[in-house]
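Residue numbers (the working numbering), protein chains in the order written: chain Y, 1 to 377; chain U, 1 to 377.
If several chains are the same, the list does not tell them apart, and a pair holds so long as it fits within one copy or across any two.
Restricting the straight-line Cα-Cα distance to at most 27 Å, the calculated cross-link-like pairs of lysine-lysine (DSSO-like) are:
id	residue 1	residue 2
1	3	377
2	151	120
3	151	205
4	312	3
5	270	359
6	24	3
7	47	227
8	47	312
9	359	377
Source of the hints: derived by calculation from the structure; they are not laboratory data. All values derive from a computational prediction rather than experimental measurement.
Protein chains: 2
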Amino acid sequence: MIKSRLFTPGPTDVPAEVLIEMAKPIFHHRTQQFQDMLVRVNAGLKKIFLTANDVLTIPGSGTAGMEAAIACAVPRDKKVLVANSGKFGERWVKVAKVYGLNVDEVKTEWGTSITAEAVKAKLDTGAYGAVVVVYSETSTATACDLQAIAKVVAATDAILIADCITALGTLPLKTDEWGVDIVGAGSQKALMLPPGLAFLSVSPKAWACVEKITAPTFYLSLKAYRKALADNDLPYTAPVTLIRGLEVAVNMINAVGIEKVWSRCALLAKATRAAAEALGLKIFSRQPADSVTGIMYPAGVDDSFRKALVKKYGCNVAVGQDELKGKCFRVSHLGYVDPLDTIGLIAAIEYTLLDAGVKINLGAGVTAAVQVLRDWK
Amino acid sequence: MIKSRLFTPGPTDVPAEVLIEMAKPIFHHRTQQFQDMLVRVNAGLKKIFLTANDVLTIPGSGTAGMEAAIACAVPRDKKVLVANSGKFGERWVKVAKVYGLNVDEVKTEWGTSITAEAVKAKLDTGAYGAVVVVYSETSTATACDLQAIAKVVAATDAILIADCITALGTLPLKTDEWGVDIVGAGSQKALMLPPGLAFLSVSPKAWACVEKITAPTFYLSLKAYRKALADNDLPYTAPVTLIRGLEVAVNMINAVGIEKVWSRCALLAKATRAAAEALGLKIFSRQPADSVTGIMYPAGVDDSFRKALVKKYGCNVAVGQDELKGKCFRVSHLGYVDPLDTIGLIAAIEYTLLDAGVKINLGAGVTAAVQVLRDWK
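Pulled out of the complex, with its shape left as it was, chain Y reads as follows (with noise of 0.2 Å):
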């Protein structure tokens, strides 16, 4: 009679009041009642991406936005800057090679990402038609600064296309106004949904650069996406469950305000950070995220920490990856998580670590993360 709870980046809990919309029976997708929830469901994401432009939504993972934005957007007659700070940087350096693109992968050292003074330096060269960047790169739980790094790029002919898939509902993204071509988002992240679907939002400047462009994918292509929501619908077949979630958990975020999600996504990070120095662990990147923190594992504790965390007090965490396998733990802030859920886990945090032999003053991480979560409005 443990309570299992998700503290992983994605997938984050669903709330009941989703999952429940997602329990009635389906209807058929060519429908009126289709097209006028998808018309409901666009203009609600609109608002969490803080853009004028049409969202699409294409039925896949995260990855599956991103790529169809780096085939269908990047302009072959130029080079491709895509940062590399982590697992996900990486990923879209492959995608990028896969469809042949001239890539410049530059890469920064994990818990740092690129800045904006580096991708000007770059694109003062005249040789960039995109850019690839990673607002919150999950697997170093580390931020850019994509405010900074789209101003530089807006004032060039290049696009900017930001991975915020965890970012999204998190971190503080203006897409208009600080000019972000391409937002990349998933539903199983701060949109509070299972795994499924990917969000785009596209800008004129970038849909110019997608008019020129034949892409080699079908499935992919975002001028079929474009097309299709013209009439308020997905070109194939639409996963009507997760849309109509979507309806639901779209109008819970709007409800509270986005600026407001940002900022208590923030204070739940912070608390965390603040627990965890209060324990005396360490944070793993020297630009922590606020969507979601890496804490290194203390001397003389490996990642058996993670199982027994699940198995005792039902605590979902991250594994560390690549580089940092082994070597500390990763804890969401995204979505469905309020300041009683974070409090719970520090606690289940402290115990762990004292089963594991690590000498701690028990309590010392819950009070500090109180004393933060103090401000929460």
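Following the hints, position chain U against chain Y.
Coordinates of chain U only, in the frame set by chain Y:
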């Protein structure tokens, strides 16, 4: 996006496993499928009641079960002793009077309960055919010593009817070993179901009393339920959905083991009392039950505290009743609640006290709770 959490002493939160089972399509109750289910459920309930006797399932609230016991089992040729230490003791006095029984109501001060010695002194007169006690008096968050009382009653011809509605599955209860003749329980408490079912275990000694009485009730006739159960059935239309949920809940409890469930509940109560003490709050009861904790409001705080707690933190706690109205709140430890829930609730209580202008050492409550809950097994 604040999660709703029930810390009320019934209804309690229902696990997803149970909700999902109850969401399945209905089947008919006059079928082999239903009879087979009832056999399994009854076997499971006997492990929770720790009795070799059948457990009757009566569609209705816990009150229906207690009324059935009082109406059908209290000998008519003698007096019935009803212990009244709160709202529920008071209710059983009313029920006994409705049936014209010769009631001897023994009132004790709220926050205390009748002693085995007091029961013995009464029974020594030879005037009593039955004793009705409330094991966990929810209104005052107070437990009596049921084991000691049962020992006294078992030595006489009288039968013991115990309201265990909030006690079953929370406080130690060895029905047969202690000799509790009738144990009454309800579905929406530690059994982790929605309201709608009452349960009664009935000893051979109690059945002998039932045999001698023509009870003036049709729906609540114990004989009718016993006759139907002999055919693995209920006498009237069975609430199939609740009973299929019950099977899942009973299996969850028995997978943990009832004695472990008791000790976990005791630890949650101990942590809550420790937190209250650390925050300078007074526990109302002089014999606090481990099922529910009644906490007095400090000076300057009124019952708007409860509304603030649910509005900002989603935590539902119970109101003080009658003479405690506006003076205390009650926190449940029943059923599907774990240490992380309880720690989160303590944090929410701390915030709400601060919001109400009470001077507390923020974090003192959670630290005290976390230290007690370290012993969770």
